[in-house]
Amino acid sequence: MDFILQPWPWYVAGPIIALIMFLLFYFGERFGVSSNLETFCAIGGAGKFTDYFKIDWKQNKWNLMFVAGAITGGFIASTWLTTSNVVAINPQTVKDLANIGIENAGATYMPKEIFSISTMLTLKGFLILLVAGLMVGFGARWAGGCTSGHAITGLSNLELPSLISVIGFFIGGLIMTWYILPLLF
Amino acid sequence: MKNIKFFLVGILFGIVMSKAEIISWYRIYEMFKFQSFHMYGIIGSAVLIGMVSMFLFRKKVVKTFEGKEIHVPPKKKGLYRNLLGGILFGLGWALAGACPGPMFVLLGKGVVSILVVIFGATLGAFLYGLFKDKIPH
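Residue numbers (the working numbering), protein chains in the order written: chain C, 1 to 185; chain U, 1 to 137.
FYI, nobody ran anything at the bench for these hints, they're computed from the structure. No residue lacks a Cβ here, since even glycine has one placed at the ideal position from N, Cα and C. Heads up, some of the hints might be wrong.
[Stated by the list, open to error] Pair ranges (Cβ atoms, derived):
{"#": "1", "chain 1": "C", "residue 1": "SER118", "chain 2": "U", "residue 2": "LYS63", "range": "49 to 55 Å"}
{"#": "2", "chain 1": "C", "residue 1": "PRO9", "chain 2": "U", "residue 2": "THR64", "range": "54 to 60 Å"}
{"#": "3", "chain 1": "C", "residue 1": "TYR11", "chain 2": "U", "residue 2": "VAL61", "range": "32 to 38 Å"}
{"#": "4", "chain 1": "U", "residue 1": "GLN35", "chain 2": "C", "residue 2": "ASP56", "range": "41 to 47 Å"}
{"#": "5", "chain 1": "C", "residue 1": "PHE49", "chain 2": "U", "residue 2": "MET1", "range": "31 to 37 Å"}
[Claimed, not checked] Simulated crosslink set (DSSO-like; lysine-lysine; CA at most 27 Å straight-line):
{"#": "6", "chain 1": "U", "residue 1": "LYS63", "chain 2": "C", "residue 2": "LYS58"}
{"#": "7", "chain 1": "U", "residue 1": "LYS132", "chain 2": "U", "residue 2": "LYS77"}
{"#": "8", "chain 1": "C", "residue 1": "LYS61", "chain 2": "U", "residue 2": "LYS33"}
{"#": "9", "chain 1": "C", "residue 1": "LYS54", "chain 2": "U", "residue 2": "LYS63"}
If we strip away everything but chain U, and leave its shape as in the complex, we get (with noise of 0.2 Å):
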C-alpha cells in the first residue's frame, strides 16, 4: 500500500488537468495559434517554480521523505533523437489534443474515443521498441 500517494498525486494531477482545462482540445489548438497566454502562464510557472524545487534538491536542502538525497535523472543526449521524436511527438499533440497525462485524465472523464488514442500511444510505443536501433539518435 505504500503506492497509495502516487495514487493520491494523480487524483491531484486530475483534477487540475480537468479544471485548469488542459485536457480540452480547443486549449491545445488556441496555444499553437498563440491565441491565449493560458496555457502559457500554466507551463511557464510551473517551470519557474519547478527550478525552485530542482534547486533545492540539487543543494540537499530537500531530500525525500526517508531521508534519502533527490538525484534527477538526466536527459538522454543526442539531436536527433530530441528534434526528430519532438516534431513526431507535437504533430500528434495537436492531433490529439492531448499528451500522455491528459488522455487518462480524459478518460476518467467519460471520453470514450481517447481509448483509440490511449491504444495508438501504447502502440507507438511498441512500435519504438521495435524500431529503435533503425532510426537515428
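Extracted from the complex, chain C is given alone in its bound form (with noise of 0.2 Å):
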C-alpha cells in the first residue's frame, strides 16, 4: 500500500499509459482527449454557427465517460491515495522559478500565482487561465490532436504528421517556459 501511496515513478506511469491507449483500442475506440472540447461545442449548440459542429455526438459518449472518469480519478488519487501534495521537482528548477516571481516551488501541485482563487478574480490572472485554454483548445483541433493522440497514439502509430505536430509542441513550449513566462510575473 506504502508504493500506491508514494509519487509513482516514470517506469510505472508510461506502462500504464500504454495499457489505457491498448484498452480504449481493445474496446472499439480510441485515446484522444481533446475531441472531446469539439463534443462540448456540439453538445452547446455550436452547430447553429458552423457545419463543422454538426456532428451526432452521441457517437462520442463513450469518450464523455473516459473524462467522467478521469475526473473522478482525480477526485480518488487525490482524496485517499496521495499522502502529500509536494513533488519533488529538480532544486534547479525550484531556483529558476524564484527568480521568474513563482515562490515554493514544488511545495503544492499547483503555483498559486496561476492558480489561487484570488489569483484568477484578478483580470490578468484570469486572463492567463483563459489565454492559456485558448491555445490548448485551438491548437490542439488545427493540429488534428493532442498529447494523448498524436504524442502517445500518434507517435506509436510512427505517423508523421504526429511527429511534425510533437514538434511543434516543443517549440511552443520551448517558447512559453523560456521567453514568455519569465515576463508575466
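Both chains are sitting in their own frames, so use the hints and assemble them into the complex.
Given below as C-alpha cells:
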C-alpha cells in the first residue's frame, strides 16, 4: 500500500498509459482527449454557427465517459491515494522559478501565482488562464490532436503528422517556458 | 451501460495522471527546462510499449473484445496544420501546465481555477471550427 501512496515513478506511469491506450482500442475506440472539446461545442449548440459542429455527438458518449472517469480518478487519487502534495522537482527548477517570481515551487501541485482563487479573480490572472486554455483548445484541434492523440497514439503508430505536431508542441512549449513565462510574473 | 468500461479506464487515467504528478504544472515546466527525465521517461516508455500494441493490432494478433479488426485511424496530413497548430498547443500547454487530459483530472482534484482553462479550451475548439477555412492547413 505504501507504494501506491508514494508518487509513482515514470516506469510505472508510462506502461499504465500504454495499457490505457491498448484498452481503448481493445474496446473498439481510441485514445484522444481533445476531441471532447468539440463534443462540448456540439452539445452546446455550436452547430448553429458552423457545420463543423453538426456531428452526432452521441457517438462520442464513450469519450465523455472517459472524461467523467478522469475527473473521478483525480478525485480518488487526491482524496485517498496521496499523503503529500509535495512535488519533488529538481532544486534547480525551484531556483529558476523563484527567479521569475514563482515562490515555493513544488510545495504543492500547482503554483498559487497562477491557480489560486484570488489570482483567478484578478483580470490578469483570469486572462492568463483563459488564454492558456484558448491556445490549447484551438491548437489541439488545428493540429488534429493533443498529447494523447499525437504524442502517445500517433508516435506509437509511427505517424509523420504526429511527429511534426509533437515537434510543434515542443517549439511552442520552449518559447513559452524560456521566453514568455519570465515576463509574466 | 456499455460505456461503463470507458468510465473505468478514465478512472485509471485520472489516478495515474495524479500519482505520477503529470497533472502538476511544475512537472511540465521542469520538462521544458530539460531539468528532469520524469516526463520524458513517461512519454517515451508509453510510446515504446504503444508501438508493440500497434504492431499487434496491425498483424491482427489482437482484435477488439467483439472480435473486430483494430484500425488505428490515420492522422490528418498537412505541414501548416501540424506545425502551427502544434506550436499554438505547446504555448498553451506550457502556460497552463496541463494538456486536455490533465485539465479534467485537476478538476477532480478540486483545482477550481482550472475551470477557466477548460472553458478557454472549449472556446478555442469553437473558434477553430469557426475559422478553420480561413487558416492554413
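With 49 to 55 Å as the target window, see if SER118 of chain C and LYS63 of chain U comply at their CB atoms.
About 53 Å separates the Cβ atoms of SER118 of chain C and LYS63 of chain U, which means 49 to 55 Å holds.
Would you mind confirming whether the straight-line C-alpha gap from LYS63 of chain U to LYS58 of chain C stays at or under 27 Å?
Distance ~24 Å between LYS63 of chain U and LYS58 of chain C Cα, so the pair holds.
Honestly, do GLN35 of chain U and ASP56 of chain C meet the 41 to 47 Å range at C-beta?
Taking Cβ atoms as reference, GLN35 of chain U and ASP56 of chain C lie about 45 Å apart, which means the hint holds.
VAL61 of chain U and TYR11 of chain C - C-beta distance against the hinted 32 to 38 Å
violated, 25 Å
Below or equal to 27 Å on CA atoms is what counts here, so check LYS61 of chain C against LYS33 of chain U.
Roughly 37 Å separates the two Cα atoms, so the pair is violated.
LYS54 of chain C and LYS63 of chain U: Cα distance at most 27 Å?
violated, 31 Å
Please work out if LYS132 of chain U and LYS77 of chain U have their alpha carbons no farther apart than 27 Å.
holds, 15 Å
Confirm or reject the claim that PRO9 of chain C and THR64 of chain U have a C-beta distance inside 54 to 60 Å.
violated, 31 Å
For the pair PHE49 of chain C and MET1 of chain U, does the Cβ-Cβ distance stay inside 31 to 37 Å?
Hint holds: Cβ distance 34 Å, inside 31 to 37 Å.
In summary, the structure is inconsistent with hints 2, 3, 8, 9 from the numbered list given earlier, while agreeing with the others.
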